[in-house]
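Visitor: Spelled out from the first residue to the last, the chains are:
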Amino acid sequence: MSKEKTGTDTSATDAAGGSGDVSVPAFSRRDFMRAAAAVAAGGGAWMVSHPSEQVFGWQLDPRKCQQCGRCATACVLTPSAVKCVHAYEMCGFCDLCGGYLQPGAKAQDSGAENELCPVAALKRKYVEAPFYLYTIIEDLCIGCGKCVKGCNAFGNGSLQLQVKQEICVHCNDCAIARNCPAQAYQRVPVAKSYMLKTLEGGGAPKA
Amino acid sequence: MRRLPCIFALLLLLAVAGQATAAFRFPIPEFESGYQHPTPVTPAPRLIPPAVDIAALAGALSITAWLVLKRRSRREVLLMAVASVLYFGFYRKGCICPVGSVQNVANAVVGNGMGVPFVVAVYFFLPLLFAIYFGRVFCAGVCPLGAAQEILALFPVQISRPLEHVLGLFAYAYLGFAVLAIYTGAGFLVCQYDPFVGFFRLGGTFNMFLAGGILLLIGIFVARPYCRFLCPYGVLLRWASIFSKWHVTITPAECIQCRLCENSCPYNAIVVPTPENAPDDRRAGARRLGLLLLATPLIVIFAGWTGLASHQFIARIHPTIRLAERVAAEEQGVYAERSVESEAFRAGSKTPADLYAQAEALRIRFKTASACFGAFMGVAFCGRMIRLSVIRRNRDYVADQGACLSCARCFAYCPVGKEDAAF
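Listed in order, the protein sequences are those of chains S and W. Just so we're aligned, residue 5 is where the first sequence starts under my numbering, counting upward by one. Just so we're aligned, residue 122 is where the second sequence starts under my numbering, counting upward by one.
Any given hint could be a false lead.
[Said to hold, decoys possible] Keeping only pairs whose Cα atoms sit at most 27 angstroms apart, straight-line, the calculated DSSO-like set for lysine-lysine is:
(1) S/Lys153 / W/Lys471
(2) S/Lys127 / S/Lys110
(3) S/Lys68 / W/Lys471
(4) W/Lys191 / W/Lys366
(5) S/Lys196 / W/Lys214
Bear in mind the hints are in silico, worked out from the structure with no lab data behind them.
Chain S on its own, in the form it takes in the complex:
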């Protein structure tokens, strides 16, 4: 292939040699290849000197989250990769749960008219008097954050929104991050990709 190319080049030079107007590059291709190789090597060396040992994912900080509901709608996935995660250790196991029940609910039971969750993804289970366990059915959860808002306003804040890393498609530019009014999203190393509030300190990031 390279032979052919050289041949054509020579003939072109011969034909137009008289006018002396052939676009002969100032430096030969070989020189350019060397320069290109040098640039590539330099780029590689620079990349090595600026190592980024980890791949980054996206996560939202529950301490900054304002539960605006955009996690449910802005994600490129439907339903969103953001779901409610329950940090059980922080939960008060209340009977009267601000995350489970509508404000002003007639009864504290699992009646549809009393539930806050629009998709019935929050399950209530009796543990022992007077405690109730609340678990999230992940297949149903759409990440709207209604329960999180209720839990933050009236409870311990144990219900938190998190980007579920096994669902997230790891966009280079997270669509929810740029729509988040509280700027709660950040790139995190995938090795430590959850930022749940925990019992100790009531909010320091989970290392």
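Assemble chain W onto chain S, guided by the hints.
Guide: This is chain W only, laid out in the frame that chain S set:
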């Protein structure tokens, strides 16, 4: 009954609702029945190993280069394009892609300095390296965005060359603007306005679907509108491909000037031979070029000044600037109610004064960036003009190495067979 204290505490808390404290409102219960609560479900991401990604890209590039340069088969290049759309597009959902990697690299150099993951660095450099050797084979059959348009370019028409050159400048503008957005921290615009990724993911905003649909419809007739007139990575590939060592040739042997390929390229990437008996206006041409070279600094300065003058306007792409303007307007009572962003800001600990200071610092950054962006556009414009003013004499029909996308369309038009190759 434990319910009563609960209700009482709730009523008490209603009065101070919103004031989250480190202490818990409700005590963590101590279970008497030995109940153990479950642990939160936080599964690790399912990541494809970097080696697989790199092998996929290197393999696809090699196969495409082989198909274009050795096999010289349009059909096979198209099949490769279909495979790329299926794998890089629908299976990998358009992410990770070299087009977007421009921003990650720019972010490491001029942005917040966050390191580029190894895979992303490879995805940025490898297609450029291939372009230096084999031309834009990445565009031909690897890039899912390009391949999707290539497949849908059913009835391509040639647009006039002047229009081609003018529209081609938009790609430079997009590249410059994307880097500006990185420098100022306004976001990854190329990913945000990727018109086809919505189709690959089967999800996205209505506006991006609309834009992607319109581009695909235009692309039926004006082949590859995104690649030619918008793609920021295409600009870099063009620069690399100009110097390519083994770029694709229209004819496998010697050109016989039969003119059959003249109208075969929908990308205006075939350079026609200079007429033998062209009127010799070398002097006029040289004067024009001289004037252009003299005007170049002025044009660049003017373009830079235009950029600088519009920095206030350009700065609105940054969410913090938009928020600061909104909050300032709300403080002055322009709006009846607060926006969601403003509510979120006020719920935080920062004061409007902090926000204004932050916005002011950003505006200074935008000043520099806008001036540089303007100057870059001036250079791009003048470079294009100078290139058009330099008369190059060539005898044969050859591919314009910068613009050629190695799509292999022209091969079928060439009557010279492989067996005619004398070498």
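Visitor: Look at each hint and say if it fits the structure.
Guide: Here is what the structure says about each hint:
{"no.": "1", "hint": "S/Lys153 / W/Lys471", "verdict": "holds (21 angstroms)"}
{"no.": "2", "hint": "S/Lys127 / S/Lys110", "verdict": "holds (18 angstroms)"}
{"no.": "3", "hint": "S/Lys68 / W/Lys471", "verdict": "holds (12 angstroms)"}
{"no.": "4", "hint": "W/Lys191 / W/Lys366", "verdict": "holds (15 angstroms)"}
{"no.": "5", "hint": "S/Lys196 / W/Lys214", "verdict": "holds (24 angstroms)"}
Every hint from the earlier list agrees with this structure, and none is contradicted.
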